[in-house]
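J.: From first to last, the protein sequence lines stand for chains A and B. Heads up: the first sequence begins at 789 in the working numbering, then just goes up one per residue. Heads up: the second sequence begins at 43 in the working numbering, then just goes up one per residue.
Watch out, some of these pointers could steer you wrong.
[Claimed, not checked] On the chain B side, residues computed to face chain A include the following (Cβ under 10 Å): (1) S48; (2) G50; (3) E67; (4) H209; (5) S247; (6) V306.
Since the hints were made in silico from the structure, they are not lab data. Idealized CB from N, CA, C, for every residue including glycine.
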Amino acid sequence: MNDVVTVTGKSRSGDICSLSFDWDRTVEPGQFVMVWAPGMEEIPLSLSSVGDVKSITFRIIGKDTEALGTKETGDRLSIRGPYGRGYKVNDRKRTLVVGGGIGIAPVLPMMADGLDTALAARSAGELDFALPAADKATGKTWISTDDGSMGFCGNAVQLVKEILKEREYDEILACGPEIMLFFLHKFCVENGIKCQMSLERYMKCGCGICGSCMIDDKRVCADGPVFTCGEISGMKDFGHANRDPCGTRVLFR
Amino acid sequence: MDLRTSVGSLALDNPCILASGIMDETGEGMARVLRAGAAAVVSKSVGTGPNPGHANPNFIEEEAFCLNAMGLPNPGIKVYAEEMRTAVACGSVIGSVYASSPEEFAELAGCMEDYGACAVELNLSCPHAAGYGMEVGTDPHMVKRIVSVVKDAVSIPVWAKLTPNTHILKDIGKAVEEAGGDAIVAINTLRAMKIIPEFGRPFLSNRFGGLSGSAIRPVGVRAVYDLYSTVTIPIVGVGGICSHRDALEYIMAGASAVQIGTAVLKGLDVFSKVNEGLRDFMREYGYPSVKDMVGVAHE
């Protein structure tokens, strides 16, 4: 079922764009929608705010995100969803949220909800979109950049290691590039920390029918996109291979 | 209560098969559906080379139906060997193939046989792929040629999946039978369209797609009923089956087995639930075996 929503707000910093809209559906952090407007292909995007006003935040990386980035207040979007399984917060005080790059967008609702959050990006400019929300956060926040232009100098996994020197957490809820998640997952397993991670694959139907987004025998759209540490441990394609639109298994380099 | 049935020489532990196009692009996807209780799975329709299918959007679901124009995405028959290997290790896999000529169909069917498929299903019915599917499957002469050339090329059973988008379904069914086809699968999706009023244009990138789900069940049941009164080869019923009562409609119309597709949207437990429901129904209404219910609506 699709809803047609009207864009009520837009912000853009560098190649990262946010569109907000009123949408009367209950959404859990980590769930996603299929977004479309004429002139682009329909794409999956996790919601970056899940209150009465919803938002999507995306990096402009190709023709579809470019077309979506031209939308202005008053323009309309087709939204299908919300789909999938989001994050489950078990113990608010003992949970650390970690977002890397544009993977910060799906974890923003949890930062806004007061959970302690670590944000990592390649450089300061890529964090601009998240700073207003980080300023308002009531939980602790940490920032790192690969080039040291803001916060701790290092990647997300290095930042998490620093944080854990001072504080204890039982569970990490993360989203980011698969390479980051791969090493973060490895770290969690080695250190006995639970985790939930939002994964990504090429999607078509978005709701568990077509089988194009499989990782091993899991459908990212319907069984995920958020998977538990144990589920991820059992995935031989995690960090190793994905599927192209034909369904051909393609190895990561 | 005996849930076992057979489609010609192919014996099945229960009458529920996964329909083509659902979670079957990968071997592990098919394996999971077999573990969920399907007696067999039909693979994604596979062609000679890799095909990304139609651009998104190519799917939308509503309360009573789904509409899709996937456009036969598949990695190509050569690469698909790996997916078949994984799936065949877990149970019975029917290899679905699509092609534009009898010779191409035969070549693909031969590969599926080599990969260990227990039967081959010819896609003569996809409503949204130019030059394929229903475009070759609505001409009885063409259907007869395709089935007959494939029959000569393989030794596994050959099933023909037919389209409801025709007024000569019975003629096409007869053509399958005359060519030596082992079973008819009916129906594929109905050619359909959805328009988004706010945008003033069709939702699917391909504009047209195929309608599936509960909304098409009466059309499928009628088609199976018509075919059962026309041919003597077994029929596999498919189209909008969500519950055991839906499956019973098809079986009583003349289907020896059924396929379930769109209902997977609500959960993979649909296979075990339908089988459980069938068992209870048979106990209550005094049918010792699924086979005793096939075609009873004609009596």
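J.: Hint check: is the beta carbon of V306(B) less than 10 Å from a beta carbon of chain A?
T.: 6 Å, holds
J.: Next item in the hint list is G50(B). Is there a CB on chain A closer than 10 Å to its CB?
T.: 28 Å, violated
J.: Going by Cβ atoms only, is S48(B) closer than 10 Å to chain A?
T.: Because about 28 Å separates S48(B) from the closest Cβ in chain A, which is outside the 10 Å limit, the hint is violated.
J.: Close enough to count: is the Cβ of S247(B) nearer than 10 Å to one in chain A?
T.: 7 Å, holds
J.: Restraint: E67(B) near chain A, CB-CB cut 10 Å. Satisfied or not?
T.: Holds: closest Cβ of chain A sits about 4 Å from E67(B), inside 10 Å.
J.: Verify the interface restraint on H209(B): the C-beta must sit less than 10 Å from at least one C-beta of chain A.
T.: 30 Å, violated
Hints 1, 2 and 4, counting from the list given before, are not met by this structure.
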